[in-house]
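K.L.:
These are the residues of each chain, in order.
Number of protein chains: 4
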Amino acid sequence: MKIAVFITGGTFDKEYNELDGSLYFKKTHVPEMLTLARSLVNTRLTTLMMKDSLLMTDKDRKIIASACKKAAETAIVITHGTDTMEHTARYLAPQVKNKTIILTGAMVPYKFGSSDGLFNLGSALAYAQVLPAGVYVAMNGQVFTWDNVTKNKKKGVFQARH
Amino acid sequence: MKIAVFITGGTFDKEYNELDGSLYFKKTHVPEMLTLARSLVNTRLTTLMMKDSLLMTDKDRKIIASACKKAAETAIVITHGTDTMEHTARYLAPQVKNKTIILTGAMVPYKFGSSDGLFNLGSALAYAQVLPAGVYVAMNGQVFTWDNVTKNKKKGVFQARH
Amino acid sequence: MKIAVFITGGTFDKEYNELDGSLYFKKTHVPEMLTLARSLVNTRLTTLMMKDSLLMTDKDRKIIASACKKAAETAIVITHGTDTMEHTARYLAPQVKNKTIILTGAMVPYKFGSSDGLFNLGSALAYAQVLPAGVYVAMNGQVFTWDNVTKNKKKGVFQARH
Amino acid sequence: MKIAVFITGGTFDKEYNELDGSLYFKKTHVPEMLTLARSLVNTRLTTLMMKDSLLMTDKDRKIIASACKKAAETAIVITHGTDTMEHTARYLAPQVKNKTIILTGAMVPYKFGSSDGLFNLGSALAYAQVLPAGVYVAMNGQVFTWDNVTKNKKKGVFQARH
Chain L
31 MKIAVFITGG TFDKEYNELD GSLYFKKTHV PEMLTLARSL VNTRLTTLMM
81 KDSLLMTDKD RKIIASACKK AAETAIVITH GTDTMEHTAR YLAPQVKNKT
131 IILTGAMVPY KFGSSDGLFN LGSALAYAQV LPAGVYVAMN GQVFTWDNVT
181 KNKKKGVFQA RH
Chain W
31 MKIAVFITGG TFDKEYNELD GSLYFKKTHV PEMLTLARSL VNTRLTTLMM
81 KDSLLMTDKD RKIIASACKK AAETAIVITH GTDTMEHTAR YLAPQVKNKT
131 IILTGAMVPY KFGSSDGLFN LGSALAYAQV LPAGVYVAMN GQVFTWDNVT
181 KNKKKGVFQA RH
Chain Z
31 MKIAVFITGG TFDKEYNELD GSLYFKKTHV PEMLTLARSL VNTRLTTLMM
81 KDSLLMTDKD RKIIASACKK AAETAIVITH GTDTMEHTAR YLAPQVKNKT
131 IILTGAMVPY KFGSSDGLFN LGSALAYAQV LPAGVYVAMN GQVFTWDNVT
181 KNKKKGVFQA RH
Chain C
31 MKIAVFITGG TFDKEYNELD GSLYFKKTHV PEMLTLARSL VNTRLTTLMM
81 KDSLLMTDKD RKIIASACKK AAETAIVITH GTDTMEHTAR YLAPQVKNKT
131 IILTGAMVPY KFGSSDGLFN LGSALAYAQV LPAGVYVAMN GQVFTWDNVT
181 KNKKKGVFQA RH
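Those protein sequence lines, which keep their order, are chains L, W, Z and C.
So in this note's numbering the end of the first sequence lands on 192, straight run, no missing numbers.
So in this note's numbering the end of the second sequence lands on 192, straight run, no missing numbers.
So in this note's numbering the end of the third sequence lands on 192, straight run, no missing numbers.
So in this note's numbering the end of the fourth sequence lands on 192, straight run, no missing numbers.
Hints are not guaranteed to be accurate.
Just so you know, same-sequence chains aren't split out, so a pair can sit in one copy or run between any two.
No farther apart than 27 Å at their CA atoms in a straight line, the calculated lysine-lysine pairs in the DSSO-like style are these [stated by the list, open to error]:
id, residue 1, residue 2
1, Lys89, Lys183
2, Lys57, Lys99
3, Lys57, Lys32
4, Lys32, Lys183
5, Lys92, Lys129
6, Lys184, Lys100
7, Lys81, Lys127
8, Lys32, Lys185
9, Lys99, Lys181
10, Lys141, Lys57
11, Lys141, Lys184
12, Lys181, Lys32
13, Lys141, Lys56
14, Lys184, Lys32
15, Lys183, Lys56
16, Lys183, Lys92
17, Lys183, Lys100
18, Lys127, Lys100
19, Lys183, Lys127
20, Lys89, Lys127
21, Lys141, Lys81
22, Lys92, Lys181
23, Lys92, Lys81
Everything labelled a hint here was simulated from the structure, so no lab data went into it.
Could you put together the complete structure from these sequences and hints?
P.N.:
Pasting the structure below:
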């Protein structure tokens, strides 16, 4: 089984710019994370964009949906900023059928030592391998269907909407 | 859904003894790993033993099997040394029915910086939530049934037996 | 020999706020750094302020100078943002005599994994123990006197002014 | 000022062998440590050996002494296992004159996350730049002359002999 991994940016991949003290994107850390994880999951990695999800537009979501539709793989993991992860999930659900799509991300950049990114990537790849077709969000070790998930921005965690 | 997490030791939880340069067990790192992961999975953690799995006896496996049988939870994750993980899986399979049991571990101690432990824990908790009853090994991002898994000791990875 | 360590903030002590993705100050990491370092240097730690050094005013520098003057110790290490470290050094030099004052900092926050902070703290404490009275900047493993140091902001390194 | 850095192994450079769970030497981490430290100290790095200092013989110490004597640099840092660091210091003292030699090491391998190595390297390079000719041990942020230092093996720290 092969899994398409689409990278879109988000906290997951942010880095610290030591010259000006800002946070920015350079390139994705997913390959080094999979190496560290000794992952043997058969994956195809594609960076679709490197964006803070607050800056994502429907044009960006169209690019993601298009990549999901075109993918030969029926299992897809999307790394995504947490702030609008639920919006992208809702955008994808009516458009991509017959594929298992797992959105995941991180609350702290992978490069910052105390990141949840590696844990989330492990759970997302697991869910992608065993869940039936549908669009899901995998965060905090849990998995939610696209129509029943929201980020609690005060607590910084994902929870069921209902 | 509540998951029982049984800790048995293994590389996962080994530490460096700076007084004599040896590797040893102090206490499990699973709680701090779940905190770092911002895990909201409902878990009950129990340390059954802290052993290098090469030193595990059938008496130890009996303790593990007993804990699995007594658990009120139907989903169980067992952290375990990698060297005999497949033996424990085979030991448990005929004894514990109607429960989803996921054995996982790490190739490098969690405390040593480049560990696969957090990734494996993320995938094990995910598999435990969605797979049907049975005994499984979750390593390298993949999942194997108890009767079709072996550690390739030359490569340090898990693979299907057949 | 006792060393007064005055903490003023700077990149050294910045943290990542996972709720809004900003960088901020919580409390200093110097105590945990000294523990990690197994430091047996006799130190007295005081947090004077927690500021980005770009936001430091002469009022802040007055507080630092005052703390240096009042200190019973003749060796002082000041953790400081890198952007105006040289300004504070020049401010202190004419005011505090007969004490060895070492300013140091970091290009990357200690909490972000790839920080130079622990190395700089090690060198600053060493210089504080052996250099004659004067005001110095210790960065990049090197030490500069207050009147001959500048930050090369393009390269993110400290160098002699002349 | 140029500093010769002689690498001899020790806990500093030990790694975890994930295939058999042992600790071993591959190659030194000093170059990556200096990069992480953004060090601009002018150094010449030479790996003389990669040994646990408990296994060091007088033949090994002869090699170290010879390298110190031959060095064009008058400032030298030696990374060394902590268990016999004081023996090597005593061996070198009568043989190498007119050079500042700083022995340092680590209680925990650099690769294991909670290492004192980076701090010690920072302090050793600082002491090497400013101390007068002599043989010293720099550990725990402190510096000791060769004739007044011993490792307290119960506490895992260095202290004055007298």
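K.L.:
Of all the hints numbered above, which does this structure not satisfy? Sort the numbers upward.
P.N.:
Hints 6, 17 and 19 contradicted; others consistent.
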